[in-house]
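Could you build all of it, start to finish, from the sequences and the hints given here?
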Amino acid sequence: MADSPSAEQSTKTKAWNDPAIRAIVFQVLAALGVVLFFYYIINNALTNMEARGITTGFGFLDNPAGFGIIQSLVEYDETYSYGRTFVVGLLNTILVSVLGIIIASIMGLVIGIARLSSNWLVAKLATAFIEIFRNIPLLLQIFFWYFAVLRTLPAARDSVTLGESFFLNNRGFYVPKPVTEDGFGWVWLALLAGIIGSIVLARVSRLRQTETGIPLPVFLPSLGMILGLPLIIFLLLGAPLSFDYPVLQRFNFQGGVAIIPELMALLLALSIYTAAFIAEVVRSGIEAVPKGQTEASSALGLSNGQRLRLIIVPQALRVIIPPLTNQYLNLTKNSSLATAIGYPDLVSVFAGTTLNQTGQAVEIIFMTMAVYLTLSLLTSALMNWYNNRIALVER
Amino acid sequence: MKKFSLPVVAVTGLLSVSGLSNAGTLEDVKKNGVLQCGVGTGLPGFSIADEKGNWTGLDVDVCRAVAAAVLGDATKVKYTPLNAKERFTALQSGEVDVLPRNTTWTLTRDASLGLNFTGVNYYDGQGFLVSKGLGVKSAKELDGAAVCIQAGTTTELNLADYFRANGMKYQPVVFDTSDQTVKGFEAGRCDVLTSDQSQLYALRIKLAKPDDAVVLPEVISKEPLGPVVRQGDDAWFNIVKWSLFAMIDAEEQGLTSANVDDMKAKGTPASNRLLGVEGGMGATLGLSDDWAYQIIKQVGNYGESFERNVGQSSPLKIERGLNALWTKGGLQYAPPIR
Ligand SMILES: N[C@@H](CCC(=O)N[C@@H](CS)C(=O)NCC(=O)O)C(=O)O
Numbered sequence: 000m001a002d003s004p005s006a007e008q009s010t011k012t013k014a015w016n017d018p019a020i021r022a023i024v025f026q027v028l029a030a031l032g033v034v035l036f037f038y039y040i041i042n043n044a045l046t047n048m049e050a051r052g053i054t055t056g057f058g059f060l061d062n063p064a065g066f067g068i069i070q071s072l073v074e075y076d077e078t079y080s081y082g083r084t085f086v087v088g089l090l091n092t093i094l095v096s097v098l099g100i101i102i103a104s105i106m107g108l109v110i111g112i113a114r115l116s117s118n119w120l121v122a123k124l125a126t127a128f129i130e131i132f133r134n135i136p137l138l139l140q141i142f143f144w145y146f147a148v149l150r151t152l153p154a155a156r157d158s159v160t161l162g163e164s165f166f167l168n169n170r171g172f173y174v175p176k177p178v179t180e181d182g183f184g185w186v187w188l189a190l191l192a193g194i195i196g197s198i199v200l201a202r203v204s205r206l207r208q209t210e211t212g213i214p215l216p217v218f219l220p221s222l223g224m225i226l227g228l229p230l231i232i233f234l235l236l237g238a239p240l241s242f243d244y245p246v247l248q249r250f251n252f253q254g255g256v257a258i259i260p261e262l263m264a265l266l267l268a269l270s271i272y273t274a275a276f277i278a279e280v281v282r283s284g285i286e287a288v289p290k291g292q293t294e295a296s297s298a299l300g301l302s303n304g305q306r307l308r309l310i311i312v313p314q315a316l317r318v319i320i321p322p323l324t325n326q327y328l329n330l331t332k333n334s335s336l337a338t339a340i341g342y343p344d345l346v347s348v349f350a351g352t353t354l355n356q357t358g359q360a361v362e363i364i365f366m367t368m369a370v371y372l373t374l375s376l377l378t379s380a381l382m383n384w385y386n387n388r389i390a391l392v393e394r
Numbered sequence: 000m001k002k003f004s005l006p007v008v009a010v011t012g013l014l015s016v017s018g019l020s021n022a023g024t025l026e027d028v029k030k031n032g033v034l035q036c037g038v039g040t041g042l043p044g045f046s047i048a049d050e051k052g053n054w055t056g057l058d059v060d061v062c063r064a065v066a067a068a069v070l071g072d073a074t075k076v077k078y079t080p081l082n083a084k085e086r087f088t089a090l091q092s093g094e095v096d097v098l099p100r101n102t103t104w105t106l107t108r109d110a111s112l113g114l115n116f117t118g119v120n121y122y123d124g125q126g127f128l129v130s131k132g133l134g135v136k137s138a139k140e141l142d143g144a145a146v147c148i149q150a151g152t153t154t155e156l157n158l159a160d161y162f163r164a165n166g167m168k169y170q171p172v173v174f175d176t177s178d179q180t181v182k183g184f185e186a187g188r189c190d191v192l193t194s195d196q197s198q199l200y201a202l203r204i205k206l207a208k209p210d211d212a213v214v215l216p217e218v219i220s221k222e223p224l225g226p227v228v229r230q231g232d233d234a235w236f237n238i239v240k241w242s243l244f245a246m247i248d249a250e251e252q253g254l255t256s257a258n259v260d261d262m263k264a265k266g267t268p269a270s271n272r273l274l275g276v277e278g279g280m281g282a283t284l285g286l287s288d289d290w291a292y293q294i295i296k297q298v299g300n301y302g303e304s305f306e307r308n309v310g311q312s313s314p315l316k317i318e319r320g321l322n323a324l325w326t327k328g329g330l331q332y333a334p335p336i337r
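Chains as they are written, first to last, in numbering that gives the first Met the number 0: chain A, 0 to 394; chain B, 0 to 337.
Note that these hints are calculated values from the structure, not bench results.
Watch out, some of these pointers could steer you wrong.
[Unchecked claim] Some chain A residues judged to face chain B by a derived CB distance under 10 Å, without partners named:
| hint | residue |
| --- | --- |
| 1 | Ala22 |
| 2 | Glu77 |
| 3 | Tyr145 |
| 4 | Leu152 |
| 5 | Arg249 |
| 6 | Gly341 |
| 7 | Pro343 |
| 8 | Gly358 |
Heads up, the beta-carbon is just placed ideally off N, CA and C, and yes, glycines get one too.
Following this line, the structure appears as structure tokens:
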């Protein structure tokens, strides 16, 4: 009992000393500080800009843009608004990033595996590729590919022709544009049905394998459902598809779809540069799987393919995914170097021309940074989700 | 990466400037003993640096004139090369004090950027440069052409207007600096290079084979190019404005860098006021009385600057045209200095 006052005191002091409570207090204070700081600089900037007669606010997004953009995935011409230029630039950034990620992943995988090859020449070539492209600044590579592409390709009149309807010249790669006609929607539906069908089949097969140890054939039936079904529907409907072919005019081809040299050069540069990094990631991932795993799977009687698919790759992926995510984020952010060769990405169109025509630097840079942040967070979230799915479940 | 950094830095600059005082550019320049001047990145005749880093050009002469007027020494200038996209942010954020960089005076720029145009040092208009091989005689024949332009210019807007008004299509190929634009044109990326006509003549001499390219006759816009300063500092605005007027007035009075000392000795009422023989003019601007004398002595009058940089004694060989004095059928006109 004599202890009780001191015990009481100790619980009192505990509230201050309790690390949990302290942590909360400090976090609230820190958050408050950050909010105040941003409030101060934003307020300060607005007051200053007003005092200097600089227009502020987001009203400009509704004004007509008045300038042309060479490539747009949505409808656009100079009568559209500045807000629309944001969308056009954003989609162009996403386009080059997604394509770049796909190409870089495939190249990186192949080269990474090649580097581990027991064939001396193949391994050395892969090493050379990695060392060269990893160590030259990306901006230089972009310029290199741009002018290499431009200077090697012929002028429009002397285009390289592939099968009478594909043309390659220094203005781009021109391909026929598919134009869907009435009823084509059914083909899309068939495709969807095919995909769902094969997912179901894969599930059923997995269940069967756990129960009986014998899987169902999956690959060929799935292929049939995904490709064959839509094809049959397409033919039954009388092929409701026509093509808009590129035609040579006075200066260049008109019609069809043009893949502009800026896109080609940027894609080449980004993919090759990032592939060099991804190759190293892949190599280290594969090397991280202990040799015992290979031996154990052979002992279990798994085939070569099964061993790769079921034992090696899943374990390597666990090591690969986090650094791979980094590479994807880098590629997306690096795509902003597009502005150097005039590929109409977000930085070139929106943080470039639109910024300059409106003069609203603060708003536009803010929006642009927000986009890159969002894209990066989305990529990370997606990769984290995937990483968790394949993570080792410990029992 | 470099492309992105300037706007970002400048924006951060804008965010962090404290206090509202926007005046005092004159005091700052005097205190630093150097004028910070924003010019083009390399355009023969307007602003270009030689191997030794000496800048010359019609726009550069505006910097030199202001430095002569304010600091008494035309060489006390720090030049900052700016591409079209960077220029206004650099001026707004205080990185440069004055911006003579073939910049077109438009309503939007004057009214919404917090900037003021101080006058016109070159009356220009937009034109087209094509390679001779195409056999194009007029801009009306350009339907479907790919056009190289510099980002963030009035050029981009005029081009869209012109093609739309004439019911023609085009592909804009947009570069950051004039150098890249020329390279794109030479590499055959575009059929046409468009810009203010004066700059087309300047860029043409940068081509490997200048004679293979021709400037088409059409002029599709008005491009009054002039120096720009920050809004809200009227004293500084006046100094830049009248430095240019002093050069024009000197030409009208027949004062040149060669004869200014003799003429000062002879003295007409008008030259006495301009050259500070009769006091008062400089002081009202906050400058010393020989401000205009220094400009004329060190830089020359407007006509001298024109001939030296873009006119007959330069490789560009541009006619005076609209840029002749009003007394000779042109538009260059300075209000009276009195
Ligand atoms: N006058 C127009 C265009 C000015 C402009 O930037 N023209 C280019 C010609 S390609 C230029 O002078 N570039 C010089 C440089 O980048 O140094 C404007 O103010 O928007």
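Consistency of the hints with the structure:
no., hint, verdict
1, Ala22, "violated, 31 Å"
2, Glu77, "holds, 4 Å"
3, Tyr145, "holds, 9 Å"
4, Leu152, "holds, 8 Å"
5, Arg249, "holds, 6 Å"
6, Gly341, "holds, 5 Å"
7, Pro343, "holds, 7 Å"
8, Gly358, "holds, 4 Å"
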